[in-house]
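Enquirer: Next come the chains, spelled out residue by residue.
There are 2 protein chains.
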Amino acid sequence: MNQVVNFKNFDGAHPLPAKLDAEALDRLFREARTHNAFLDTPVPHALLEEAVELAKMGPTAVNTSPLRIVFVETDEGKALLEPSLAEGNLAKTMAAPVTAIVGFDMAFYDKLPKLFPHADARAWFVGNDAFIDLTARQSGTLQAAYFILALRAVGLDAGPMGGFDNAKVDEAFFAGTTVKSNFLINIGYGDADKLYPRSPRLDFEEIASFA
Amino acid sequence: MNQVVNFKNFDGAHPLPAKLDAEALDRLFREARTHNAFLDTPVPHALLEEAVELAKMGPTAVNTSPLRIVFVETDEGKALLEPSLAEGNLAKTMAAPVTAIVGFDMAFYDKLPKLFPHADARAWFVGNDAFIDLTARQSGTLQAAYFILALRAVGLDAGPMGGFDNAKVDEAFFAGTTVKSNFLINIGYGDADKLYPRSPRLDFEEIASFA
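Taken in order, these protein sequences are the chains called A and B. So for the first sequence, the UniProt record's numbering puts the first residue at 1; every next one is plus one. So for the second sequence, the UniProt record's numbering puts the first residue at 1; every next one is plus one.
By construction, these hints were calculated from the structure, which means they are not laboratory data. Hints should not be assumed to be uniformly reliable.
Put simply, identical chains are the same to the list, so a pair is met inside one copy or across any two.
As the list claims (entries may be wrong) - Taking lysine-lysine pairs in the DSBU-like style, the calculated list, with each CA pair at most 30 Å apart, reads: (1) Lys19 - Lys92; (2) Lys19 - Lys168; (3) Lys78 - Lys114; (4) Lys78 - Lys19; (5) Lys78 - Lys194; (6) Lys168 - Lys92; (7) Lys114 - Lys194; (8) Lys114 - Lys180; (9) Lys180 - Lys92; (10) Lys92 - Lys111; (11) Lys92 - Lys78; (12) Lys78 - Lys180; (13) Lys114 - Lys92; (14) Lys111 - Lys194.
Bear in mind the structure is a predicted one, so any value in this text is a computation, not a measurement.
Let's have the full structure, built from the sequences with the hints guiding it.
Expert: Put into structure tokens, the structure is as follows:
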């Protein structure tokens, strides 16, 4: 892993880095879609691992890195998940090659001696429950988004969803731990024939302004 | 905009889509870094707008799309932001070409007739303050992460940070609106010579498991 960054086409000054090519932008953002139906094609563990390895490099507050994931893929795992699912998510989730339970570790600060070795960052959190909750949710959700885009980057499709009982999932998969579920992501090779038309987005002016 | 997705090298069956090339993965994840110092190079509005246009295509709960951004770039804007900054973030933020205030609109549901036209999704939220708060923060933070990666995708560098007074920022920039600040992102062309070594990350086995 490089300790100092210099993009291949960027020497620290001019020429400035070019943007990713159109195919990459399409894959990540413009043509990528939330998939509800997947091809009957297995998902290699190596690709899931690569997506995690990519996502974990993204920035989090104080490098806290609270994201935790359980990849549910066996019949036993799916059966454990099934009672937590809202009816509208049931069939598609049971049929998906893999369902990731994306969560965050409320005791993330116990990893800070490894993650943030240059200061006693653990002490900034311990005893401050509001700050712990904010950081776990905020940085864990940032990492979940990096993970969605990382799945797309390695050629997989994602179907992120709410619509499940967090408490039931936590009881089934995280009992006795400090991990809480955030949301679910069905993963596989999406069946483009089963997509609905894309929903509208806001205009730039509805989202952003300059000051 | 395409209504049905077919990646250029993917016809709905085999061959499966390849992953992005190594240079793209480096740019987005592996070699990208949180920058604290930027080159004295202006940031074109067109690139900021393109990053927003890319980020807005990422998935959110019920397509709620609560992300809102103010790009602070003028002397007047920076002066308005200055009193909100923690001392450790002050000098680098005042020097950054652009600072994005990334927030979420707590009244996001008023846009649902446009964003989710096939059902009265607005009614699912109105009066349910806990669900509104959860959705604004969760989906607004997902979109903030898409935006960080979109900045990198268009060739810019990002320096996301907490360490500011949310209430002061909200008063200075969002008074009389329903928008709340989430975090800040300094934006520009990063000065690679000013980077610290990258902090460690967790091992795959500390993050993820299979069930």
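Enquirer: All hints, please: hold or fail.
Expert: Hints, verified against the model:
1. Lys19 - Lys92: Between copies only: 25 Å across, 36 Å inside.
2. Lys19 - Lys168: Answer is neither; intra-copy 43 Å and inter-copy 35 Å both fail.
3. Lys78 - Lys114: This pair counts as neither: shortest intra-copy Cα distance 33 Å, inter-copy 35 Å.
4. Lys78 - Lys19: between (40 Å within a copy, 27 Å between copies)
5. Lys78 - Lys194: within (22 Å within a copy, 48 Å between copies)
6. Lys168 - Lys92: within (19 Å within a copy, 45 Å between copies)
7. Lys114 - Lys194: between (44 Å within a copy, 23 Å between copies)
8. Lys114 - Lys180: within (22 Å within a copy, 33 Å between copies)
9. Lys180 - Lys92: This pair counts as within: shortest intra-copy Cα distance 23 Å, inter-copy 35 Å.
10. Lys92 - Lys111: between (35 Å within a copy, 28 Å between copies)
11. Lys92 - Lys78: within (12 Å within a copy, 48 Å between copies)
12. Lys78 - Lys180: Cα proximity of lysine 78 and lysine 180: one copy only (18 Å, versus 38 Å across).
13. Lys114 - Lys92: between (39 Å within a copy, 26 Å between copies)
14. Lys111 - Lys194: between (42 Å within a copy, 26 Å between copies)
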